[in-house]
Every structure is written in structure tokens, then in C-alpha cells.
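Go ahead and model the full structure; you've got the sequences and the hints to work with.
Protein chains: 8
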Amino acid sequence: MPVLAYVLFKVNSGTEREVCQKIVAFDEVLHAEIIFGEFDVIAKISASDLDALEDFLSQKLRNVPSVVLTSTMVVGREYRGKNQRLKST
Amino acid sequence: MPVLAYVLFKVNSGTEREVCQKIVAFDEVLHAEIIFGEFDVIAKISASDLDALEDFLSQKLRNVPSVVLTSTMVVGREYRGKNQRLKST
Amino acid sequence: MPVLAYVLFKVNSGTEREVCQKIVAFDEVLHAEIIFGEFDVIAKISASDLDALEDFLSQKLRNVPSVVLTSTMVVGREYRGKNQRLKST
Amino acid sequence: MPVLAYVLFKVNSGTEREVCQKIVAFDEVLHAEIIFGEFDVIAKISASDLDALEDFLSQKLRNVPSVVLTSTMVVGREYRGKNQRLKST
Amino acid sequence: MPVLAYVLFKVNSGTEREVCQKIVAFDEVLHAEIIFGEFDVIAKISASDLDALEDFLSQKLRNVPSVVLTSTMVVGREYRGKNQRLKST
Amino acid sequence: MPVLAYVLFKVNSGTEREVCQKIVAFDEVLHAEIIFGEFDVIAKISASDLDALEDFLSQKLRNVPSVVLTSTMVVGREYRGKNQRLKST
Amino acid sequence: MPVLAYVLFKVNSGTEREVCQKIVAFDEVLHAEIIFGEFDVIAKISASDLDALEDFLSQKLRNVPSVVLTSTMVVGREYRGKNQRLKST
Amino acid sequence: MPVLAYVLFKVNSGTEREVCQKIVAFDEVLHAEIIFGEFDVIAKISASDLDALEDFLSQKLRNVPSVVLTSTMVVGREYRGKNQRLKST
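Chains as they are written, first to last, in the working numbering: chain A, 60 to 148; chain B, 60 to 148; chain C, 60 to 148; chain D, 60 to 148; chain E, 60 to 148; chain F, 60 to 148; chain G, 60 to 148; chain H, 60 to 148.
Warning: the hint list may mix true and false statements.
Some but not every residue of chain E turned toward chain H, in silico, with C-beta under 7 Å [stated by the list, open to error]:
| # | residue |
| --- | --- |
| 1 | Val83 |
| 2 | Val88 |
| 3 | Leu89 |
| 4 | His90 |
| 5 | Ile94 |
| 6 | Phe95 |
| 7 | Asp114 |
| 8 | Leu128 |
| 9 | Met132 |
| 10 | Val133 |
| 11 | Val134 |
| 12 | Gly135 |
| 13 | Arg136 |
| 14 | Tyr138 |
| 15 | Arg139 |
| 16 | Gly140 |
Across the chosen pairs, the derived CB separations fall in these ranges [as the list claims (entries may be wrong)]:
| # | chain 1 | residue 1 | chain 2 | residue 2 | range |
| --- | --- | --- | --- | --- | --- |
| 17 | H | Gln118 | E | Asn122 | 42 to 50 Å |
| 18 | C | Asp108 | F | Lys141 | 26 to 34 Å |
| 19 | E | Glu77 | G | Lys119 | 42 to 50 Å |
| 20 | B | Gln118 | F | Gln118 | 42 to 50 Å |
| 21 | B | Glu77 | E | Glu77 | 24 to 32 Å |
| 22 | C | Phe85 | G | Asp108 | 18 to 26 Å |
| 23 | B | Ser107 | E | Pro61 | 44 to 52 Å |
| 24 | B | Glu77 | C | Asp108 | 29 to 37 Å |
| 25 | A | Met60 | G | Lys119 | 55 to 63 Å |
| 26 | A | Asp110 | B | Pro124 | 34 to 42 Å |
| 27 | C | Ala111 | A | Lys119 | 49 to 57 Å |
Stretches of chain H that chain F covers, calculated by requiring three or more beta carbons in the stretch to come under 8 Å of a beta carbon on chain F [as the list claims (entries may be wrong)]:
| # | region |
| --- | --- |
| 28 | 87-100 |
| 29 | 131-142 |
Quick caveat, the hints were computed from the structure, so don't treat them as lab data.
Glycine is no exception: its CB is placed at the ideal position from the N, C-alpha and C atoms.
Here it is as C-alpha cells:
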């Protein structure tokens, strides 16, 4: 069963769009969004297991230029909304 | 164009699952996940505009029992991952 | 010279509007807004000096029902935007 | 209807005044203040919609030299203080 | 392979010792310490997998009386100190 | 050699003064101040050693009514200002 | 009446002692301590008024090399401990 | 009696493994782990007393290249889990 995680990013000022374009090029990144708040970008990640997740974060995602800081939230359990039950996330 | 937002929740200890089941019953909630980290639950919301989002958060979502604290991140721009480009989020 | 301060509020879930209506009734509150983010409400305060500010916060503002937590940022220096230079804040 | 937002800034040590002078030169910045606390500067922004806000933040505001980190709080609803009801913010 | 995690706790004022005594009674808790800082207690947890971790946290650990807030950090990779290489953690 | 520590407090809204009056009655509290910011009160503590500090915090200070949350910063090394070198802190 | 404030510092890794030695050379700094926790150093400041405090922070204190980030808590009201009532702070 | 402490690290993006390898080479580091969350690495430290801890942190640990920020939690009291009572930590 794959491990899902959300990653919040702070990036160098003014590089939000560039970072998003780079990270969605990785197979592990399901989608990314520029957000307003304490963090600049959120991305949803899928990895085969915790080892693969650690490997992806430390060897690939965090090496993307202009990524200053990441905060990762591993998903423990998923709940679909009413209108999403026939679709994959 | 609808407004998307992620909401992070801290909930009363031990009520994570119950809160998730309740919030995915709202039309505005696309999906919710129990997460490991500083927050307990994350949900993705879709509202028709900022007014409707404020209304949904203050009148419905934050009134769900056991929700202690929420932190909202409005989405400014979306990027799809390679494997997601044919699917809706 | 009066002391200005911004106060950020976390309020009981679902009471944002009620809290705003109550706090703008105080003379010291210039305006209040419901915000999306880590905090729920922001208000701008004007007090005659630091003593009066401490008094207003501890004796009045923080005693408003449903106010759970406040974080105060005293203003050190003001800069007007180009379109605001003829108006008071 | 325009979108309002507060932006909190951390700036390079000792550049608070310089950053304020630069950001109030943008049409979108209503006013800015140097503050005491976790953040160094707060500014109030007005943009035509969420897209324009994202554009302004990522392309202009966050590119101001010495801006290290921003945290944005989109306004959902406004309340005027008693003494402010005849004036614009 | 078991999943390891650190859990940081804020507990009701004055209940640190009582909470520690209760949580070390669970098989999943390797050890707990009262700490000085933003959090009151830290514990190291071992669970068979992410599902079991989520289950333990939401059904057992977070239901311990006086636990107000937890923040969980899942371990991705372990490194032993020089003097620890012959011992288990 | 005694252990010194600063303790930051969040207290129930409107109880700052009452909490300060109570905590300065303890021998271990050198002084306390109501502050503007994320926390409401700061106090400087002196204890005979780390054990005594833990004991004082968990058995006395955190049991003061209206204290919601504390964050402790143990002092590692002291530096006196020029005008303070002849006085004790 | 002078304005008192506590300033919390994050400094470049390994420069804590050097920063403390530099900041206690300013007349406005009553004392400084290296602390264990989220921040590295705390200092107590006395300035003639809020303007002078803003001036001291932005023009002097935050320009000390190796100071990365400061967080300021202006003091609203002071309470002396039992054993401190005959001494100045 | 030795002083124990947990240190949380933020490190330069992509250097987690390198930092862990370096810090476990110090005698004072019992073990280190790469973690998912707000911080990147956690380490458990043992020092002879608070002075030695301050010395180790400011002169050695925080000087490790790629360490950006540390947050230290001094241990006040330890509790062993049921399965750990015959082993040292």
C-alpha cells in the first residue's frame, strides 16, 4: 500500500511558480498548489513506503533549487467527500 | 471560478475519525485525511467564492463538534502532476 | 502620541462574526476583519499609551466571550500607501 | 469586489525601513507598518481578485530585496470601528 | 519493519508526571521524558506499520486524560551514536 | 550553582494581572512581566538544579489557576549589560 | 517612563557567545542570556520610548552580524519577586 | 548526574543524511533520526551538566555544516516503557 504525504514548502521569495513547475515533473508528486498563508506551496506525494518517501524527500524534492524549508505530514487515513467517491485523488 | 482551500484541523484528542466522517458529509469538502504532525486532519474545500468560503468555515465547518482550531490556506494557483492530468482533483 | 497595535485572535470555532461585532463596539478598535489563516480575526487598536493599551487588552478585549487567544503586535512606525496619503487609517 | 489581504514580513535584519519605503510604492499596498513581535512588518493589500493577489505577491511583493519570508492572511469579512464608519480604510 | 515515531505532548498544567506514568504503560511506548520547552513531554513509539500507528495514536494515546495536544514526527531513518552501536534503542 | 530559566505563559483571557500577582509570591520567581506578543506573561525563575526546576514547574507554577500553557527556556550562560555589572539580576 | 522589552534571537549556528558579547556593549541592553529552546539568546532592553525602541532595534541591534531573526515582546507591566523588591532589574 | 536533551534540527535542503552521519560521530550524541514534520532531524544528547551542554551545542553541534537551526529540549525526568526497563537508552 503506498504512503501518501502532504509537503508544505517555503521557497525563496518570488520563485513559487518555478518551484511548482519543477516539482510536478516528479512521478511521486500528484499535484501542487501555490497557497496564501505561512507556507508558499503545498504538494501531495505518493511513495511506495516510508523508506521511499524519505529517499524522495531528501534526495529529490528538497534538492529542488529555491526550496528553503519543507514540513511533511504523512497521511494516516483517507476520507473521500461525497462528490469524490467515484474518482481517484 | 470556484475558490479552493486547504484547512488544517486540531481536534479534541481521540476524535480524529469522527471529525473526518462528519466533515466529508458537507458538499464543499472534496476529501479529508488524518495526518501525523502538528495538525490532526487536513481537508480540501471548494466554495463558489471568498464570501461563500468564509460563510462555510464560520457557519458550518468550525461548528463541527470536537474541532478545536483550524488554519486555512486559500489556493492561489494549481499545478497537476504528470499522472493526474486527465483526472479532476 | 497614541500607540497603535494589531491584535490577532483565535476564537471559539464558529464565533468569528459575533466576536467581530463585539470588539468593534470598543472606542479603541479602529476596525476588525475575519481572516483566513492560522488566526481567525485581526483588529487594529489605538490607545493613548502603552499603559492604556495593556489596560484595554487585559481588562476589556481579552474578556470578550469566545476569545481564546490573542497575539499583539505593537506598531513602531507607519508608512502610507500612495493612494492613502490624504486619508486617516 | 476587490480582495483584501494582510501580509506579515520577516526581512533581513536592519532593513525594515527600506522595505517599508519600497512596498508602499506599489499601488496595491494600502499601508505598511514596522511592528514589534515575531514579524517585522505588516502591510495591507488590495487586489482585484485572488488571481491578481497571487500575481502581485509572487511577481512583485516577494521580489522586493531583503524580504525573507511572507505570511498572507486573506480577508473574508470586514467590520468598521465606531469612529471609522465614515472613512475608507 | 516497525514504524518509529516521536510524539510531543502538551498536557494540562501540572499533569506531566501522571501523563508519563500512564503512557509508558502502553506496549507501543518505548520511553517518555518530561522536557523543558514549548512542549511538556516527548515519547518514542514503535508500531507495526502506519495503520497501527494511526490506530494507536487516535484510539489510545490521544485518549489519555489530560493530553491536550500532540504533534507526531514519524522516523524515516535511524543513526546510532558511537556508544550505542551495541545496544537497542 | 543555581539553574535559571525564563518561562513564557499563555493565560486565560483577562487573567494576566492575577496570574502575575500569584506567581511572584513563589520564592523561585525573580520577577514577572505582562508582555505584548504571542505570549501573555514572562517570568524569570531560579532553582537549585534541573530536578528542582522540573519539580517547581510541574508541582507549583503550572498549577496556578488560569495558566493555560507554558514554554520554558533554560539559561545556559549569562552576560551582564554595562550598566548592570554591579547589580544582581 | 522608559519602555522595556525582551528580544528573542536566532543567530547563525555557533555564534551565540559572540553575539551576546556584542549586544551587551549597547547601553540599551540590560542583560543577555544564551538559552536552550527554539531561540538561542534572550536580551532585556530599555529604551526611552517606543520610537527609540524601534530605532534601536532596526538601526543597531538587528544590524549585529550573525543575528538572523529577532522576536520582540514589549513589556506592559512589571511585577517583582519577593526577593527582588529592594533591587532594580 | 548527566543532563539529557533532545535537539531538533532544520538543515539545508537535501543534507539530512550527511548531517546525521556527522553528528553521531560526537561522543555526546546517543542517536539521531531523520524525521518527517516541521523539523528534519532529531538527536538525543548526553552532557555532564548544563555548562557542558551549552558548550557542546554552541561550539560543536551548531557548527556542523548545513545545520541551519536547532531547537533544544532539556530533559527534566525520564520514564521507561515496559519493554525497556532492562536496557539503557
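Taking the hints in turn, this is what the structure says about them:
A hinted interface residue such as E/Val83 counts as satisfied when its beta carbon comes closer than 7 Å to some beta carbon of chain H; here the least separation is about 5 Å, so the hint holds. Evaluation of the E/Val88 hint against chain H yields a held restraint, the C-beta minimum of about 5 Å falling below 7 Å. Taking 7 Å as the C-beta cut-off, the interface hint given for E/Leu89 holds, the closest approach to chain H being about 5 Å. Hint status for E/His90: holds, given a least beta-carbon distance of 5 Å to chain H, under 7 Å.
Annotation: E/Ile94 was flagged as interfacial toward chain H, and the flag holds, the nearest CB pair being 4 Å apart, inside 7 Å. For E/Phe95, the interface hint holds, the least distance from its beta-carbon to any beta-carbon of chain H being 5 Å, beneath 7 Å. Interface hint at E/Asp114: violated, since its Cβ lies 18 Å from the closest Cβ of chain H, which is beyond the 7 Å cut-off. Annotation: interface hint on E/Leu128 violated; nearest CB of chain H at approximately 14 Å, more than 7 Å.
For the restraint placing E/Met132 at the interface with chain H, the shortest Cβ-Cβ distance is roughly 4 Å, inside the 7 Å limit, so the hint holds. With 7 Å as the threshold, the beta carbon of E/Val133 comes within range of chain H, its nearest partner Cβ sitting at about 5 Å, so the hint holds. At its closest, the beta carbon of E/Val134 sits 5 Å from a beta carbon of chain H; the interface hint therefore holds under the 7 Å criterion. Hint on E/Gly135 holds. Least Cβ distance to chain H is approximately 4 Å, under the 7 Å limit.
Look at E/Arg136: its Cβ gets to within about 4 Å of chain H, closer than 7 Å, so that hint holds up. For E/Tyr138, the shortest C-beta to C-beta distance to chain H is roughly 4 Å, which falls under 7 Å, so the interface hint holds. For E/Arg139, the interface hint holds, the least distance from its beta-carbon to any beta-carbon of chain H being 5 Å, beneath 7 Å. A hinted interface residue such as E/Gly140 counts as satisfied when its beta carbon comes closer than 7 Å to some beta carbon of chain H; here the least separation is about 5 Å, so the hint holds.
Look at H/Gln118 against E/Asn122: about 44 Å separates their beta carbons, and that is inside 42 to 50 Å. Range check, C/Asp108 to F/Lys141: about 28 Å between beta-carbon atoms, so the 26 to 34 Å window is met. At about 47 Å, the beta-carbon gap between E/Glu77 and G/Lys119 stays in the expected band of 42 to 50 Å. Under the hint 42 to 50 Å, the C-beta atoms of B/Gln118 and F/Gln118, about 44 Å apart, fit the expected range.
Distance hint check for B/Glu77 and E/Glu77: the Cβ-Cβ separation is about 26 Å, which falls inside the suggested range of 24 to 32 Å. With their beta carbons about 25 Å apart, C/Phe85 and G/Asp108 fall inside the hinted range of 18 to 26 Å. Hint check: B/Ser107 to E/Pro61, Cβ distance near 46 Å, so the stated range 44 to 52 Å holds. For the pair B/Glu77 and C/Asp108, the supplied restraint of 29 to 37 Å is violated, since their beta-carbon distance comes to about 49 Å.
Checked against the hint of 55 to 63 Å, the C-beta distance between A/Met60 and G/Lys119 comes to roughly 57 Å, which is consistent with it. Distance hint check: the CB atoms of A/Asp110 and B/Pro124 are about 38 Å apart, consistent with the given range 34 to 42 Å. Remark: the range hint 49 to 57 Å for C/Ala111 to A/Lys119 is upheld by a beta-carbon distance near 55 Å. Taking a C-beta to C-beta cut-off of 8 Å, the region 87-100 of chain H contributes 0 residues in contact with chain F, too few for the three needed, and the coverage statement is violated.
With 3 residues carrying a beta carbon less than 8 Å from a beta carbon of chain F, the region 131-142 of chain H meets the three-residue requirement, and the given coverage holds.
Hints 7, 8, 24 and 28 from the list above are not met by this structure, while the remaining hints are.
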